[in-house]
Each structure stands twice: as C-alpha cells, then as structure tokens.
Amino acid sequence: ILNVEQSPQSLHVQEGDSTNFTCSFPSSNFYALHWYRWETAKSPEALFVMTLNGDEKKKGRISATLNTKEGYSYLYIKGSQPEDSATYLCAVYTGFQKLVFGTGTRLLVSP
Amino acid sequence: KAGVTQTPRYLIKTRGQQVTLSCSPISGHRSVSWYQQTPGQGLQFLFEYFSETQRNKGNFPGRFSGRQFSNSRSEMNVSTLELGDSALYLCASSGGIPGQGTDTQYFGPGTRLTVL
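Protein chains in written order, with this note's numbering: chain A, 1 to 111; chain B, 1 to 116.
Hints listed in this document are in silico derivations from the structure and should not be mistaken for laboratory results.
Do not take every clue at face value.
Derived DEER-like restraints, expressed as beta-carbon distance ranges [stated by the list, open to error]:
1) B:Ala2 x A:Gly95: 39 to 49 Å
2) B:Lys57 x A:Asn3: 29 to 39 Å
3) B:Arg15 x A:Gly16: 25 to 35 Å
4) A:Phe96 x B:Ser51: 33 to 43 Å
5) B:Phe69 x A:Pro8: 14 to 24 Å
6) A:Thr51 x B:Ser51: 32 to 42 Å
7) B:Gly62 x A:Gln14: 43 to 53 Å
8) B:Pro39 x A:Lys42: 46 to 56 Å
9) B:Thr80 x A:Asn20: 43 to 53 Å
Residues on chain A that point at chain B, a partial pick, calculated with CB under 10 Å [said to hold, decoys possible]:
10) Val13
11) Trp38
12) Lys42
13) Ile62
14) Gly71
15) Tyr74
16) Gly102
All residues carry an ideal CB built from backbone N, CA and C; glycine is no exception.
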C-alpha cells in the first residue's frame, strides 16, 4: 500500500512569514506528484504537477521542488498572506494508476 | 468554461438505504474520478472512468459502484448505506488520456452525505 505522508499536520504563522511543508512518498514506481490547495467551502485547486527529479515549479509566491530519488517534495510559501490559509494536499501517481493523497497540511495565516 | 458540478450538494439518508450522486465534468473532459473524504483521512480514491469504461477502482466494497455516460457525466451509487459511509464525496475531471498521472484534476464542490 502506497503511503503519502505530509508534515506538519497543521501550521499557524503570522502574515509575512515564509513557510514550507513536506510531502514524503515511496520513491519506487513514481510517475508524478500533484500539489493542491483546498480552501474551506471550496473545491481543491491544482497548484503544480511535477514529474522529473529536481523539478522546480513556481506560481507567484508559492513554489515547489521534487526529489524522486529520496521520495519527497517541498512546498514553499514566501511572505504568507491571510488568503493563503488553506489545506495543502499532495498526491502521488504511481504504476497502480491512481492518485494517492496525503492527509494534507492545514495552514492558518494570521494578520 | 463551466467547472465541475456535483448534485446534490447535501444529502441525508438512513442506514440501509441507497444513494446516487451525480457529477458533470468540464466540457470536453472525458475522464472522471471519484474520491471519498472522511475526517482524519486523505482523499481516498474510489474509481476512475474514461470514455464510459471503468479504468481503475480503489479498495472499497462492492456496495460502491459507478458508471459514466456517453456525454461523460458520471454517477456513483452506494447501496445498503452504513454509518461509516458518511463523508464528502468529490469528483474530479481531467482532459487527457489516463495512464501517465500528469493530468491536472479539476474538482467539483463535493456532495456531503450524512448517514443516520
């Protein structure tokens, strides 16, 4: 059974702080890793899809890196804003041909 | 483009009943996946449909079933409901051909099912 683990489970930061979370997964049979942002009362929204070892993606103040050899991805938020408050999900796609999600990191950014 | 829509948004049922949830994907998307979320759990994969064919199924009992129509709309059915089936059910559509894992999933707002 593929386990995708995310840490920390939750995080509370002040506006302007930079923060990062981790997604860990078994490195064998890896195809792709997805990051999603899920705001309360909304639908999960795609941030990045990453496939290659060493891949780096950026969208505004949010960026992500991928290490497929050691099985982890980092998501960084620079200068957090209250509107960044959400649960951040990662999901891994393997040869079993389904997305396996972690339980998410819940971020709260206080003004 | 309209997003993924799911109906109904909320549903209350009693144990033993059955329920049907509906999902309309983004226009042009042929792949629809279903997920279940319960408290403390990540999104659990239920099944994926592409061009009316079930491509993959998660580890759920046979009470959970689904189908996809020629217009790519999908339904999932849960028979003989149990208390543990209370969850948020999300569907997601994507525009590519399944198998590579690189297609962005576009999620609907979900159906909140409560089983009493």
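Checked hints:
1. B:Ala2 x A:Gly95: 39 to 49 Å: violated, 33 Å
2. B:Lys57 x A:Asn3: 29 to 39 Å: Given range 29 to 39 Å: violated, Cβ gap about 19 Å.
3. B:Arg15 x A:Gly16: 25 to 35 Å: violated, 50 Å
4. A:Phe96 x B:Ser51: 33 to 43 Å: violated, 20 Å
5. B:Phe69 x A:Pro8: 14 to 24 Å: violated, 42 Å
6. A:Thr51 x B:Ser51: 32 to 42 Å: At 24 Å between Cβs, range violated.
7. B:Gly62 x A:Gln14: 43 to 53 Å: holds, 50 Å
8. B:Pro39 x A:Lys42: 46 to 56 Å: Since B:Pro39 and A:Lys42 have Cβ atoms about 18 Å apart, the given range 46 to 56 Å is violated.
9. B:Thr80 x A:Asn20: 43 to 53 Å: holds, 45 Å
10. Val13: Because about 23 Å separates A:Val13 from the closest Cβ in chain B, which is outside the 10 Å limit, the hint is violated.
11. Trp38: At 8 Å from the nearest chain B Cβ, A:Trp38 passes the 10 Å test, so the hint holds.
12. Lys42: holds, 7 Å
13. Ile62: violated, 15 Å
14. Gly71: violated, 16 Å
15. Tyr74: violated, 18 Å
16. Gly102: holds, 5 Å
Checked against the numbered hints listed earlier, the structure breaks hints 1, 2, 3, 4, 5, 6, 8, 10, 13, 14 and 15; every other hint is satisfied.
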